[in-house]
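Colleague: Each chain, written out:
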Amino acid sequence: MSGFFKSSIGRKVAMALSAFFLMFFLLQHFAINMLSVFNPDLFNEISHFMGTNPLVQFALQPVLIFGVVFHFIMGFVLEIKNSKSRQVSYAKNNGSANSTWMSRNMIWSGLAILAFIILHFIDFWIPEINTKYIVGDMSGKLDPELATSGFRYYEELTHKFINPIRVAAYVIAFVLLGLHLAHGFTSAFQSMGGTVGRKKTMQIIGKAYSVIIPLGFIIIALYHHLNH
Amino acid sequence: MNLTLKIWRQKDSNTKGQMVDYKVTEISEHMSFLEMMDVLNEQLVNSGEEPVAFDHDCREGICGMCSMYINGEAHGPDRGVTTCQLHMRMFKDGDTITIEPFRAAAFPVIKDLVVNRSAFDRIQHAGGYISVNTSGNTQDANATPISKHAADEAMDAATCIGCGACVASCKNSSAMLFVGAKVSQYALLPQGQVEATDRVKNMVAQMDLEGFGNCTNTGACEVECPKGISLDNIARMNRELIKATLS
Chain A
1 MSGFFKSSIG RKVAMALSAF FLMFFLLQHF AINMLSVFNP DLFNEISHFM
51 GTNPLVQFAL QPVLIFGVVF HFIMGFVLEI KNSKSRQVSY AKNNGSANST
101 WMSRNMIWSG LAILAFIILH FIDFWIPEIN TKYIVGDMSG KLDPELATSG
151 FRYYEELTHK FINPIRVAAY VIAFVLLGLH LAHGFTSAFQ SMGGTVGRKK
201 TMQIIGKAYS VIIPLGFIII ALYHHLNH
Chain B
1 MNLTLKIWRQ KDSNTKGQMV DYKVTEISEH MSFLEMMDVL NEQLVNSGEE
51 PVAFDHDCRE GICGMCSMYI NGEAHGPDRG VTTCQLHMRM FKDGDTITIE
101 PFRAAAFPVI KDLVVNRSAF DRIQHAGGYI SVNTSGNTQD ANATPISKHA
151 ADEAMDAATC IGCGACVASC KNSSAMLFVG AKVSQYALLP QGQVEATDRV
201 KNMVAQMDLE GFGNCTNTGA CEVECPKGIS LDNIARMNRE LIKATLS
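Chains A and B, in that order, are what the protein sequence lines are.
The working numbering applies: residue 1 is where the first sequence begins, and numbers increase by one.
The working numbering applies: residue 1 is where the second sequence begins, and numbers increase by one.
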């Protein structure tokens with residue numbers, strides 16, 4: 001099996017498996033964030049559950065971090081390897097005649113997404129870890145000293161979307177994520193051999209996913225920004 | 001038509017090459033691209049210059065020998081044709097045409113526009129065949145029932161002429177459309193099942209050894225392939241290797 005993952009196809013499969021995991025994570029992240037628009041109380045409840053449940057925190061969260069890091073490192077490794085497979089470039093190359101911009105620029109959209117994830121880590125994940133595991137406040141309350149205090153999650157989320165620069169960065173990042181997914185979704189299934197005889201269907205599902213999910217995240221950000 | 005040609009000239013595999021400009025005049029739109037190259041070479045020979053070396057054989061779009069990266073595309077701007085079947089009517093009077101060899105680390109330039117594609121032969125030798133005892137007891141191939149659908153798909157895969165346009169077009173110089181087609185043409189047929197596991201493992205291992213890049217599913221190979229080999233063949237090869245690894 002280790003020999004398989006050293007092969008070119010094995011590496012594609014590894015990229016696809018990490019992509020499936022990340023796309024599933026994105027789907028559940030989207031569903032939870034969407035609750036902040038329709039039902040803030042339920043959003044608070046679920047956020048508290050996700051933020052304090054030991055299984056989510058100590059089993060799924062490390063797997064997610066590994067999945068993100070693995071997908072990026074593998075993406076860079078493959079990009080470097082692929083660049084070595086053509087040592088002399090073409091004087092004239094008409095790439096747009098046979099392939100989409102998204103498919104040829106996955107590394108650039110990926111780098112933009114990586115920059116956003118780093119920002120998201122600094123913005124959300126590090127303060128969250130600090131509050132819960134350094135300060136030791138696992139209550140999830142706005143005021144942990146006050147028994148009647150409500151949860152802090154919805155307040156924190158809406159507060160994040162006051163700054164128009166952050167909202168603009170968020171929108172740009174999700175447009176690039178949409179472009180990345182527009183190729184990546186079908187590509188992952190292709191790498192797993194799952195598109196034989198159903199490529200058109202997978203392309204339609206991929207296009208729908210790559211539009212609906214990023215657009216949904218953008219709508220959430222704009223909704224909270226405009227409603228503040 | 002009067003044309004300006006920008007052509008890659010390289011003396012041999014050890015010498016650095018460069019783009020050189022040439023003018024050709026009175027080119028008929030009914031000529032094939034290779035006939036236009038013949039006109040240029042006659043011109044060069046008559047003026048005492050070294051003619052441009054390029055690969056060609058059948059000139060009927062069957063042998064897979066001709067190559068050339070023309071105006072940024074393998075086999076030029078037309079679809080479903082090799083360079084020998086590309087006609088000058090695809091160009092306009094006064095055009096500048098850029099002509100380069102198929103570029104890939106695994107396809108080193110031998111001279112000018114001629115590249116060494118023997119990496120494909122070595123991949124074929126690694127498993128692109130079925131072993132049949134020919135001692136006189138060979139079973140008639142038609143005695144094994146095969147569905148029309150499987151036979152058609154296998155035949156479609158088998159139409160690959162191994163020209164290397166897939167490698168030349170791929171931004172990663174990946175050979176997976178070629179190898180995928182060769183794996184598929186056997187994987188789809190009962191005769192190919194016996195050696196299916198070793199075949200896909202050995203052919204993929206040889207492909208990696210030759211230094212081809214990884215496929216990132218851009219689909220450029222499928223668009224530029226003169227025989228219209230489908231990306232489904234790459235997906236099938238991926239599936240075959242996963243199956244072979246798990247079995």
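Hints in this document: simulated from the structure, not taken from any laboratory.
The beta carbon of each residue, even a glycine, is placed where N, CA and C say it ideally should be.
Some hints could be false.
As the list claims (entries may be wrong) - If you want the footprint, here are the derived chain B segments under chain A, 3+ residues with CB under 8 Å:
id, region
1, 93-105
2, 185-196
Unchecked claim - Only pairs whose alpha carbons sit at most 25 Å apart, straight line, appear in this in silico PhoX-like list of lysine-lysine:
id, chain 1, residue 1, chain 2, residue 2
3, B, Lys16, A, Lys81
4, A, Lys92, B, Lys201
5, A, Lys92, A, Lys81
6, A, Lys92, B, Lys148
7, B, Lys148, B, Lys23
8, A, Lys200, B, Lys111
9, B, Lys92, A, Lys200
10, B, Lys243, A, Lys92
Colleague: Each of the hints needs a verdict: does it hold here or not?
Modeller: Going down the list of hints, with the structure as the test:
1. Closer than 8 Å: that is the beta-carbon criterion, and the region 93-105 of chain B has 5 residues meeting it against chain A, so the requirement of 3 holds.
2. Requiring three or more residues with a Cβ within less than 8 Å of a Cβ of chain A, the coverage given for the region 185-196 of chain B is violated, as only 0 such residues are present.
3. Between B/Lys16 and A/Lys81 the CA atoms are separated by roughly 23 Å; this keeps the pair inside 25 Å, and the hint holds.
4. Restraint check for A/Lys92 and B/Lys201: not satisfied, since their Cα atoms lie roughly 36 Å apart, outside the 25 Å limit.
5. For the suggested pair A/Lys92 and A/Lys81, the alpha carbons sit about 22 Å apart, so the restraint of at most 25 Å is met.
6. A C-alpha spacing of about 43 Å is found between A/Lys92 and B/Lys148, which places the hinted pair above 25 Å, so the restraint is violated.
7. Distance hint between B/Lys148 and B/Lys23 is unfulfilled; the C-alpha atoms sit about 51 Å from each other, more than 25 Å.
8. With a C-alpha separation of about 42 Å, the suggested pair A/Lys200 and B/Lys111 falls outside the 25 Å cut-off, and the hint is violated.
9. Restraint check: the Cα-Cα separation between B/Lys92 and A/Lys200 comes to about 36 Å, which exceeds 25 Å; the hinted pair is violated.
10. With a C-alpha separation of about 40 Å, the suggested pair B/Lys243 and A/Lys92 falls outside the 25 Å cut-off, and the hint is violated.
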